[in-house]
Each structure stands twice: as structure tokens, then as C-alpha cells.
Amino acid sequence: MAAVSSSKVVTVTVNGVEHEREVEARKLLIHLIRDDLDLTGTHIGCDTGNCGACSVIVDGVLVKSCMMLAVQADGAVIETVEGLADGGELTALQQAFGANHALQCGYCTPGMLMSATALLRTNPSPTEEQIKKALQGNICRCTGYWNIFEAVKAAAGSEA
Amino acid sequence: MSTTTVTPERVETQAPQKGWAGQSVPRKEDKRLVEGEGVFVDDIKRHGMGYVFFVRSPYAHAHITSIDVSQAEAIKGVYGTLTGEEVAALTDPFFQLSTPPGAHLKDFALAVGKVRYVGEAVVAVVAETRELARDASELVEVDYEPLAPVTDARRAEDPEAPILHEESGSNLMWEGVYEWGDLDAAFAEADRVVKIKELHFHRFNSTPLETDGALVEYNRGTGQWTIHTNNQFPGFAAIMMGPAMRCGLDKLRFVTQDIGGGFGNKITSHPQLVVCCLLARKLNRPIQWTEWRTDFHLSMSHGNERFFHDTEVAVKKDGTLLGFRTKALDDAGAWLRYEPLGGVIWAQVTPGMYRWRNIRLEFTQVATNKAPVSPNRGYSRMQHLWFTERVIDIVAHELDLDPVEVRKRNYVRAEDMPYETPNGCVYDSGDYARMLDVALDLIGWSGIEERRRDAESRGKLLGVGIGSTLDSGTNNFGQSRMINPELQFSGNNEVATVKLDIFGEIVVTLGTTPQGQGHETTAAQIVADVLQCSVDDVHVRAGHDSYWNSHAGFSGTYASQFAVTGLSAVKGATDMLAAEIKKLASAVFGGVPVEALELAGGGVRITENPDAFLPFMACGAIINANNAGLPQDLGVTLNCRYVYRPPFQVPDVERKFGNLTLTYAAQIHAGVVEIDPETGYYEIVDYAAVDDCGIRINPRIVEGQVMGATAQALGAAVHEVFEYDEDGNLLTPNFYDYHVPHALDMPPLRTGSIESPSPFTPLGTKGMGEGGGAGIHAVCAAIQDALRGHGDAIVYDSHNPYHRVWEMLQRPERARALVEVVDA
Numbered sequence: 076m077a078a079v080s081s082s083k084v085v086t087v088t089v090n091g092v093e094h095e096r097e098v099e100a101r102k103l104l105i106h107l108i109r110d111d112l113d114l115t116g117t118h119i120g121c122d123t124g125n126c127g128a129c130s131v132i133v134d135g136v137l138v139k140s141c142m143m144l145a146v147q148a149d150g151a152v153i154e155t156v157e158g159l160a161d162g163g164e165l166t167a168l169q170q171a172f173g174a175n176h177a178l179q180c181g182y183c184t185p186g187m188l189m190s191a192t193a194l195l196r197t198n199p200s201p202t203e204e205q206i207k208k209a210l211q212g213n214i215c216r217c218t219g220y221w222n223i224f225e226a227v228k229a230a231a232g233s234e235a
Numbered sequence: 152m153s154t155t156t157v158t159p160e161r162v163e164t165q166a167p168q169k170g171w172a173g174q175s176v177p178r179k180e181d182k183r184l185v186e187g188e189g190v191f192v193d194d195i196k197r198h199g200m201g202y203v204f205f206v207r208s209p210y211a212h213a214h215i216t217s218i219d220v221s222q223a224e225a226i227k228g229v230y231g232t233l234t235g236e237e238v239a240a241l242t243d244p245f246f247q248l249s250t251p252p253g254a255h256l257k258d259f260a261l262a263v264g265k266v267r268y269v270g271e272a273v274v275a276v277v278a279e280t281r282e283l284a285r286d287a288s289e290l291v292e293v294d295y296e297p298l299a300p301v302t303d304a305r306r307a308e309d310p311e312a313p314i315l316h317e318e319s320g321s322n323l324m325w326e327g328v329y330e331w332g333d334l335d336a337a338f339a340e341a342d343r344v345v346k347i348k349e350l351h352f353h354r355f356n357s358t359p360l361e362t363d364g365a366l367v368e369y370n371r372g373t374g375q376w377t378i379h380t381n382n383q384f385p386g387f388a389a390i391m392m393g394p395a396m397r398c399g400l401d402k403l404r405f406v407t408q409d410i411g412g413g414f415g416n417k418i419t420s421h422p423q424l425v426v427c428c429l430l431a432r433k434l435n436r437p438i439q440w441t442e443w444r445t446d447f448h449l450s451m452s453h454g455n456e457r458f459f460h461d462t463e464v465a466v467k468k469d470g471t472l473l474g475f476r477t478k479a480l481d482d483a484g485a486w487l488r489y490e491p492l493g494g495v496i497w498a499q500v501t502p503g504m505y506r507w508r509n510i511r512l513e514f515t516q517v518a519t520n521k522a523p524v525s526p527n528r529g530y531s532r533m534q535h536l537w538f539t540e541r542v543i544d545i546v547a548h549e550l551d552l553d554p555v556e557v558r559k560r561n562y563v564r565a566e567d568m569p570y571e572t573p574n575g576c577v578y579d580s581g582d583y584a585r586m587l588d589v590a591l592d593l594i595g596w597s598g599i600e601e602r603r604r605d606a607e608s609r610g611k612l613l614g615v616g617i618g619s620t621l622d623s624g625t626n627n628f629g630q631s632r633m634i635n636p637e638l639q640f641s642g643n644n645e646v647a648t649v650k651l652d653i654f655g656e657i658v659v660t661l662g663t664t665p666q667g668q669g670h671e672t673t674a675a676q677i678v679a680d681v682l683q684c685s686v687d688d689v690h691v692r693a694g695h696d697s698y699w700n701s702h703a704g705f706s707g708t709y710a711s712q713f714a715v716t717g718l719s720a721v722k723g724a725t726d727m728l729a730a731e732i733k734k735l736a737s738a739v740f741g742g743v744p745v746e747a748l749e750l751a752g753g754g755v756r757i758t759e760n761p762d763a764f765l766p767f768m769a770c771g772a773i774i775n776a777n778n779a780g781l782p783q784d785l786g787v788t789l790n791c792r793y794v795y796r797p798p799f800q801v802p803d804v805e806r807k808f809g810n811l812t813l814t815y816a817a818q819i820h821a822g823v824v825e826i827d828p829e830t831g832y833y834e835i836v837d838y839a840a841v842d843d844c845g846i847r848i849n850p851r852i853v854e855g856q857v858m859g860a861t862a863q864a865l866g867a868a869v870h871e872v873f874e875y876d877e878d879g880n881l882l883t884p885n886f887y888d889y890h891v892p893h894a895l896d897m898p899p900l901r902t903g904s905i906e907s908p909s910p911f912t913p914l915g916t917k918g919m920g921e922g923g924g925a926g927i928h929a930v931c932a933a934i935q936d937a938l939r940g941h942g943d944a945i946v947y948d949s950h951n952p953y954h955r956v957w958e959m960l961q962r963p964e965r966a967r968a969l970v971e972v973v974d975a
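Here the protein sequences come in this chain order: A and B.
With our numbering, letter number 124 in the first sequence gets 199, and the count goes up by one each step, no holes.
With our numbering, letter number 75 in the second sequence gets 226, and the count goes up by one each step, no holes.
Hints were generated in silico from the structure; no laboratory data involved.
Glycine is no exception: its CB is placed at the ideal position from the N, C-alpha and C atoms.
Some hints could be false.
Simulated crosslink set (BS3-like; lysine-lysine; CA at most 25 Å straight-line) [to be verified]:
#1 A/228 - A/208
#2 A/207 - A/228
#3 B/182 - A/228
#4 B/402 - B/433
#5 B/468 - B/348
#6 B/182 - A/83
#7 B/346 - B/467
#8 B/478 - B/346
#9 A/83 - B/467
With the C-beta cut set under 10 Å, the calculated list includes, among others, these residues of chain A facing chain B [claimed, not checked]:
#10 92
#11 94
#12 96
#13 97
#14 117
#15 146
#16 157
#17 209
#18 212
#19 228
#20 229
#21 233
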């Protein structure tokens with residue numbers, strides 16, 4: 076109930092920019108990112124934490140931002156898809172997604188990119204099985220994933 | 152003719168490369184999408200907008216006795232509500248496509264007086280935040296008087312069955328008998344008759360990752376609504392909404408940019424869009440609606456569930472198929488939102504890929520207390536093609552014939568193309584037997600018996616299955632008249648405009664609403680070839696806006712047609728522009744005949760004197776800003792609109808005869824499964840998908856469609872189902888319970904392709920993208936093959952979770968009882 080929820084001021088640093096917002100205690104991190112900060116690259120595809128479209132990196136850890144409250148992110152450093160390209164230069168992973176036709180509608184793509192980015196940071200040369208495990212929390216309904224696996228492999232190779 | 156090269160992973164047909172078309176050029180859409188800069192409907196915001204949340208029925212069937220919104224409206228930050236009673240006062244029921252009894256339905260945007268499925272929208276609540284709208288909805292008090300539901304289509308016409316729509320008198324919505332050829336003669340000629348009591352195609356859909364949504368603004372001064380939405384068929388939404396809302400279609404401006412998957416499931420959001428329009432006017436503020444995932448599962452666009460009863464197949468000893476009779480019982484759910492078109496759409500592929508000439512199908516569609524069905528990738532043809540493939544494999548199984556040989560014996564042959572089916576459809580081109588060979592090669596058919604023995608040595612049962620399927624594309628909407636002769640629809644169309652702007656920019660506008668199919672890219676390839684420029688020089692506007700004047704009645708992206716309708720419109724408009732550019736240059740060059748001119752290098756020049764060159768920039772500037780002195784009768788605007796209209800006739804409604812689609816792309820899949828007989832668990836260990844969609848403008852995009860459709864089919868075959876309990880509760884209302892394939896579920900995949908150009912389309916292309924239903928057929932066939940000699944169950948359901956396979960192994964007699972072979 077609206078009457079019993081309370082608000083709190085949170086500070087988050089998203090893609091290097093610090094933001095301060097007053098949020099309701101029950102607001103999800105994804106809604107802070109999308110609605111309050113207008114960073115709409117991060118998407119929502121379900122309401123049960125299954126689809127991974129909302130994946131972001133919080134303090135270096137891959138997180139489904141619908142499974143975390145905005146107030147829990149107070150003080151956190153957050154990376155979203157908008158922060159991947161450095162000054163307009165696409166990352167090797169972003170380029171590989173295009174080159175391998177690893178996206179169609181593009182709705183799951185930001186979450187996929189964040190999951191794969193987190194993987195490649197900890198494991199620069201993953202096996203196919205490791206790639207599949209890393210992406211199992213991200214649903215794609217267009218591609219069947221095969222070209223996504225190829226893209227991650229290609230990006231791993233190019234960064235190795 | 153093209154040549155084929157075989158690699159271990161892919162079979163590629165290499166078309167001669169003359170220009171941009173045929174090349175897998177990178178997609179124009181990708182940069183913005185990988186940067187998170189796409190604009191999807193939920194990304195659109197307006198000052199003061201209110202968020203909608205729908206109060207939904209907890210009952211499958213109930214009278215609404217009272218609704219009280221006062222407590223919800225009293226909450227600070229709640230902007231207002233809308234009830235069914237208000238909707239019934241402000242709008243007329245949606246137009247029904249059906250003849251009686253379905254024609255009698257009174258379908259409004261919100262439930263009026265009665266609810267008919269769990270999840271049906273009853274009240275809409277609008278508040279300043281998503282959370283508040285949802286909270287306030289809990290304060291809406293709705294009293295119900297529950298009624299008994301009917302959730303099994305087979306019980307819907309029982310005398311004691313509760314009736315959903317009293318106006319219709321029963322739960323029968325539509326029925327029709329289709330018969331072609333001479334059934335009596337076919338069964339007299341047969342050596343054997345194979346009888347199958349019941350087959351069942353299950354209920355699921357493609358669950359696009361982005362749910363439905365809209366941002367609707369109302370302009371009080373002009374009475375116009377601007378509907379930012381991800382509806383994928385605005386032409387259909389407009390003709391449903393305008394009459395219901397008592398407004399002209401120009402008052403409904405549809406705008407889209409990026410759409411997060413559609414697969415047909417985003418065609419029938421018109422009820423929710425009406426609610427948003429009424430609220431935008433009532434509350435005088437922009438209305439934002441984003442469907443929650445659970446709401447999508449509960450209420451949107453389930454695929455058609457269908458039974459096939461009392462099937463009889465006339466067969467010769469050698470496996471020659473003469474004909475079949477069957478009774479199709481289709482479960483429409485609670486409303487006819489696009490139905491009963493499914494009652495005729497299947498007929499696009501009446502004989503499947505086979506040459507049998509004698510076919511009778513009695514089609515019955517009933518209403519049940521479940522979510523309404525709507526098109527879903529492969530719409531209605533997938534159900535029918537699953538049936539024909541099941542028939543082939545059951546016949547082969549029962550007569551101890553080789554399914555490969557039965558297919559090859561009965562496939563429509565390459566030399567018979569174009570082939571007229573018993574119901575007048577004209578399969579334009581193809582070589583199914585060759586496709587099957589490619590698919591079998593890709594899964595290692597020649598070594599399969601050895602692998603079978605190897606699997607047995609590991610305690611596993613190995614099975615191989617084939618799925619042959621057609622992807623009929625570019626609808627002749629005249630087929631709707633077989634459902635209802637009064638309907639005034641026929642043919643098809645699509646629009647494109649191509650213009651040269653003042654600085655020479657080439658700007659292309661499409662009437663389509665792509666959801667990931669790469670229209671911006673493939674359109675640019677066609678334009679670049681005609682204008683002899685680079686694809687990088689062609690700007691294709693993203694998305695759809697009905698104010699761009701580049702749409703027609705059938706505009707949208709659905710039913711496998713862009714490569715035909717969309718690209719033919721693009722080509723037509725670009726050809727017009729090219730002719731105008733030459734006409735202008737002729738005048739500028741002092742009367743040089745247009746035949747002496749050519750387009751090259753981003754401009755137009757005299758062929759024999761290339762130095763006489765007029766760049767596109769000059770052309771655009773002359774017409775738009777520097778036109779003094781041009782001949783008054785020049786007739787050049789450099790802004791060309793072309794409407795592509797496929798060559799169709801109105802079908803013969805009496806005989807139910809005519810060409811129902813322009814092209815017939817084909818897919819043949821082959822899969823290998825290994826079953827653990829102790830548990831029924833199985834894995835797909837090898838899989839191949841071979842596609843033929845005629846000339847491919849961008850082979851990579853085509854392959855992407857093949858892959859995606861395959862994944863959806865495999866998900867549907869093994870995991871995905873909208874399953875209801877006997878009280879009408881949906882048991883799989885979200886991704887927690889409704890398991891879609893994830894990364895670890897994917898089997899190894901090999902793809903192949905051949906190109907059989909369509910003789911009927913301007914570019915030799917065929918619509919494609921929906922052929923993946925083949926995966927369901929192939930998995931069913933593979934399971935049945937694996938069970939051969941282990942109880943010999945036939946596979947009778949399109950959905951085969953592990954427990955069903957276990958049951959077929961443990962109690963094969965249940966499946967065996969469904970089939971019988973008699974000597975004719």
C-alpha cells in the first residue's frame with residue numbers, strides 16, 4: 076500500500092555519473108534506472124526474475140536489476156549497456172554481436188551484453204559450455220542463442 | 152542455376168553476386184540496439200502521464216454483480232478508472248469476422264457484466280506511478296457470482312456445458328466443411344486405411360520478450376489520438392478500433408519504432424489500445440500501458456489449440472497416399488479476436504507437401520473459458536502441417552514403411568512446380584526431396600544405424616525424425632470470404648515511399664512494423680541496387696508512423712510477406728524515383744533522351760559521356776529549392792510512393808477453391824533424439840534445418856529467422872504449454888512456470904539452404920520466418936521412432952514433456968488404442 080511505503084534518498088553512480096534521487100522503499104532498481112534516470116537501454120521482460128533483460132553490473136557483480144531494490148543500491152557503482160561503448164567506439168563484444176547476427180529485435184541484447192561482459196572480465200577465454208552457463212539467465216526469443224554463442228566466442232578471441 | 156557447397160556445418164547455395172541484394176550486409180539496426188539506444192514502447196515518456204494497471208478476473212467464468220472503484224479513486228495520486236459499463240456506453244462492440252453463431256458475440260475492450268477467463272480485464276486503474284496503479288487496483292471491489300467453466304474443447308458442445316456467450320446460443324463459434332477430390336474413390340482404391348482416433352496440438356505461443364504496450368495521447372483540439380505502440384498490424388487494429396470508437400481511421404495515428412519481438416502475438420492488442428484511448432480522453436493526460444509478463448500469459452494471444460478426430464487415411468501398399476478425412480476441433484478461448492480466420496488459414500497448406508488429391512476436413516471452432524487465441528508464428532498452418540506430418544509418420548509406422556521413402560514417394564515433385572493443390576493453391580517452386588537429402592546428410596543419416604546401436608549400448612533409445620513444412624506467405628485476404636462471404640476483403644498490399652531530399656539524401660519509408668527482421672537493411676539493399684549507390688547512402692526510417700502516408704489497409708509485419716510485399720513496394724517506389732531522376736537530368740542536360748542516361752556513382756550521367764554528371768544532391772536541390780526555369784510539364788517530384796499489389800483473384804467461396812497465398816517457402820528439419828527409457832528424459836543430440844525461401848536478399852537474416860523459429864519449435868515441442876486446471880486457472884502464468892528454452896537447452900544445429908526462386912514475385916523472393924513449426928513435427932517423429940520396438944506407442948500430442956514420453960514407454964497401450972489399420 077502506498078500509505079505504508081516510505082521514501083529514501085539514494086545516491087548511485089551509473090556509467091561514471093553520480094545521481095541522487097528520492098525513491099520509494101519498494102521501488103526496484105530497474106525502475107530507478109529506467110524511469111528516474113531515463114536510462115532505457117536496460118529492459119524488462121518478465122516479473123519473476125527469469126529473463127535477464129534487466130541485467131546490469133553493480134559494484135562489479137552481474138545483477139538482475141528487477142531482483143534488487145533501488146535502496147539496496149545506495150552508494151553503488153552501476154554499469155549499464157549505455158556505458159559499454161567508450162566514446163562511441165563499440166566494444167569488441169558489441170561489434171561481435173552485429174558481425175555474428177547475434178540480435179534480431181534487440182530487446183534482450185542489453186542484458187545479454189552485460190552478462191557476457193561480466194563473463195569475459197572474469198574468464199577472457201571461456202569454453203562454449205562456460206558461455207552457455209553464463210548466459211543461461213538471459214532469455215532470447217528471436218535467435219535461438221546459437222549466434223550469440225558465436226559472438227561471445229569471437230569477442231573472446233579478439234580480446235585475447 | 153546456383154551451385155551448392157557443403158561444409159561440415161552449413162550447406163550454402165551461392166547465388167551470383169550482382170549487387171547488394173544477395174549479400175549478408177551488416178544490419179543498419181544493430182548499432183543503436185547494441186548501444187541500448189533503441190526506442191521501445193516503454194521507453195517513451197510524457198509529462199504527466201498516468202500508468203494503467205488492469206484489474207483482472209480471478210474466475211474463469213462468472214457474472215459481475217457489482218464494481219466499486221471509489222476506494223481506489225480516493226487514493227492520492229490515482230488519476231481515475233475505467234469500467235466495462237463505461238466502455239459499453241462509449242464504444243460499440245468490436246466488429247466480428249465470423250458468420251453466426253460467432254457473429255453474435257458482443258466483444259468490448261473490458262468485460263461487461265460477465266467474465267469468461269481468468270485474467271480477463273475488468274477495470275483499468277490509472278495512477279501517477281506503476282506501483283501506485285497496481286496497489287490501487289487492489290482497492291477496486293468487484294463482486295462475482297461464479298459459474299461453472301468449460302475448459303476442454305471436447306466438452307464445449309455437450310448439452311450440459313455452460314455457455315460462454317448466451318447471444319450465440321451455444322459454444323459453437325464457427326464451422327465449415329472442406330472437401331476436394333473424390334473421397335469415396337480414394338478409399339475404394341486404397342489397400343489399407345489407417346485410422347487415428349485423436350491427435351492433439353497444444354496451446355502455447357512465442358512469448359516475445361517485450362510484452363504489449365502503448366503510450367497514448369489525445370489531442371482535444373483535433374480529436375486525434377496518437378498511439379505509440381508495439382502492435383504489429385496497425386492496419387488491422389485501426390479497422391477494429393475506428394468503428395468501435397465511432398471515429399474515422401485518420402483520428403488514430405499509430406507510431407512505432409523498435410518492437411521487442413512479435414511473432415503474431417502482438418496483432419490483437421486493440422482492446423487494450425481502446426482502453427488507453429478512452430482513458431487519455433477521460434483523464435486528459437497521456438496514458439502509459441506496459442503489460443506485465445503475467446498479464447501477457449494470462450490474457451494475450453495464445454496459439455490455437457486443436458484436436459483432430461476420427462482421421463482416416465487411404466493408402467496403397469507401397470505407401471502411396473491417396474487422401475484423408477478428419478475432423479478438426481479448434482479451441483478459440485473466450486473471444487474471437489482474430490478468429491475464426493484460423494478456420495481457413497490452415498487451408499493455405501491443405502495437402503502439406505504431398506500429392507494426395509482427395510481431402511475432407513470438417514472444421515469446428517468452439518469457445519472455452521481460456522484466454523483468447525490469436526495468430527502465433529505459423530498460425531493455423533503449423534497445426535495442420537503437424538497433423539499431416541503425424542499422419543505420414545503414423546502411416547509409415549503402422550505399415551512398417553520407411554518415413555523417408557514415404558515422404559519421397561509422396562512429396563510434390565520439383566518437376567511438377569508450379570503445382571496446383573486440390574484446393575487451388577499454387578505452390579510456386581521448390582524441391583522438397585532434395586531438401587530432405589540435404590537435411591539427412593547434415594544429421595549423418597548414412598551412419599544412423601550404427602549410432603542407434605551405440606545408443607543402445609549406453610542404455611539409450613535413439614530416434615530420428617523429419618519435419619516437413621511450408622511457410623505460405625503473402626496472404627490473399629479473399630480467403631476470409633470462405634469464413635464469411637459478406638466480408639469485403641481480398642488481395643493484399645504494401646506501401647513504400649522513396650524520396651530524394653534537398654541535399655540528395657535518399658529517404659525510404661516503409662509501411663511495415665518490423666520486430667527484428669532487419670527491414671531497414673534489406674530495404675536499403677534493394678534501393679542501393681536500383682540507384683547504383685551504397686547501402687550506406689540509403690536512410691530507411693525506423694519503424695512505422697501512419698502519418699507518413701506510407702501504409703495501406705494490410706500494412707504491418709505478419710504472415711511471412713515482407714520479402715514479397717514490402718520489398719516489392721520498395722523496388723517499385725525506387726524504380727519510379729530512378730525514372731524521375733533521369734527525366735530531370737534529361738531536362739537539365741538540354742533534352743538528352745532518358746535512354747541515353749544511367750545512374751552511377753551517386754548520381755545520373757550520360758552513358759556515352761560520363762563527365763556529364765548530375766549528383767543526387769544536385770537533383771534534390773533543383774527540384775526542392777532551385778526549380779525556376781524547369782519545364783512546367785516536367786512531372787517530377789522525386790518523392791515516389793508505390794503500392795505493391797500481388798496478382799490475386801477472389802477465391803471461389805462455394806468450392807473453397809483458389810490461391811490463398813502467393814508464395815510457399817519450405818523448410819525441412821531432421822532431428823535425432825536419445826531417450827533414457829528409465830525416466831523418459833530425452834536430449835536432442837543432432838539437428839538440421841534446411842530452408843528454401845527463393846531468392847534471399849540477405850542470407851544471414853534469413854538464417855537468423857530459421858534459427859529463431861527452430862528454437863521456438865523445440866521449446867514448444869518439449870517444454871512450453873499454456874496449461875489450465877479444470878477450474879480454468881492457468882498453471883503457467885509466467886516464465887517461472889512456462890519454461891522457454893535457455894542457453895543450456897540448445898542442441899547442436901546445422902543449417903542448410905537451397906534457392907528456388909518464386910516465378911510470381913518481382914524479386915524471386917518468398918516470404919519466410921514462420922517455418923519453424925517443423926521442429927515440433929521432427930521431435931514428435933523422432934520420439935516415435937525411438938519408441939519403435941519398445942511398446943510401439945504412436946506420438947499423439949504435439950507437446951512431449953519427459954513425463955509423457957515415460958508414460959508412452961510404461962503404458963504404450965493408451966497410445967496404441969488410438970490407431971488402427973484395416974484392409975480396405
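Evaluation of the provided hints:
Restraint check for residue 228 of chain A and residue 208 of chain A: satisfied, since their Cα atoms lie roughly 14 Å apart, inside the 25 Å limit. Simply put, residue 207 of chain A and residue 228 of chain A have alpha-carbon atoms about 11 Å apart, close enough for the 25 Å limit, and the pair holds. Proximity of residue 182 of chain B to residue 228 of chain A is assessed by CA-CA distance (about 20 Å); at most 25 Å being required, the pair is judged to hold. With a CA separation close to 16 Å, the supplied pair residue 402 of chain B and residue 433 of chain B stays within the 25 Å bound.
Proposed proximity of residue 468 of chain B and residue 348 of chain B is supported: the alpha carbons are some 22 Å apart, at most 25 Å. The hinted pair formed by residue 182 of chain B and residue 83 of chain A fails the criterion: a straight-line CA distance of about 37 Å is larger than 25 Å. The straight-line distance between the Cα atoms of residue 346 of chain B and residue 467 of chain B is roughly 14 Å, inside the 25 Å bound, and the hint therefore holds. Note on residue 478 of chain B and residue 346 of chain B: the hinted pairing holds, with a Cα-Cα distance of about 12 Å set against a maximum of 25 Å.
Proposed proximity of residue 83 of chain A and residue 467 of chain B is contradicted: the alpha carbons are some 78 Å apart, above 25 Å. The criterion of a C-beta within 10 Å of any C-beta in chain B is not met by residue 92 of chain A, whose closest approach is roughly 15 Å, and the hint is violated. Using the Cβ-Cβ criterion of 10 Å, the hint placing residue 94 of chain A at the interface with chain B is not satisfied: the shortest such distance is roughly 17 Å. A least Cβ separation of about 13 Å between residue 96 of chain A and chain B goes past the 10 Å threshold, and the interface hint is therefore violated.
Evaluation of the residue 97 of chain A hint against chain B yields a violated restraint, the C-beta minimum of about 13 Å exceeding 10 Å. Interface restraint check for residue 117 of chain A: the shortest CB-CB distance to chain B comes to about 7 Å, inside 10 Å, so the restraint holds. Contact between residue 146 of chain A and chain B, as hinted, is not supported at the beta carbon level, the nearest pair being about 14 Å apart and thus beyond 10 Å. For residue 157 of chain A, the interface hint holds, the least distance from its beta-carbon to any beta-carbon of chain B being 5 Å, beneath 10 Å.
Satisfaction of the interface hint for residue 209 of chain A is found here, the shortest Cβ-Cβ separation to chain B being roughly 8 Å, below the 10 Å cut-off. The beta carbon of residue 212 of chain A is positioned within 10 Å of a beta carbon in chain B (closest approach about 8 Å), and the interface hint is therefore held. Because the smallest distance between the Cβ of residue 228 of chain A and any Cβ of chain B comes to about 13 Å, over 10 Å, the interface hint for this residue is violated. Because the closest C-beta pair between residue 229 of chain A and chain B is about 14 Å apart, greater than 10 Å, the hint is violated.
Hint status for residue 233 of chain A: violated, given a least beta-carbon distance of 15 Å to chain B, over 10 Å.
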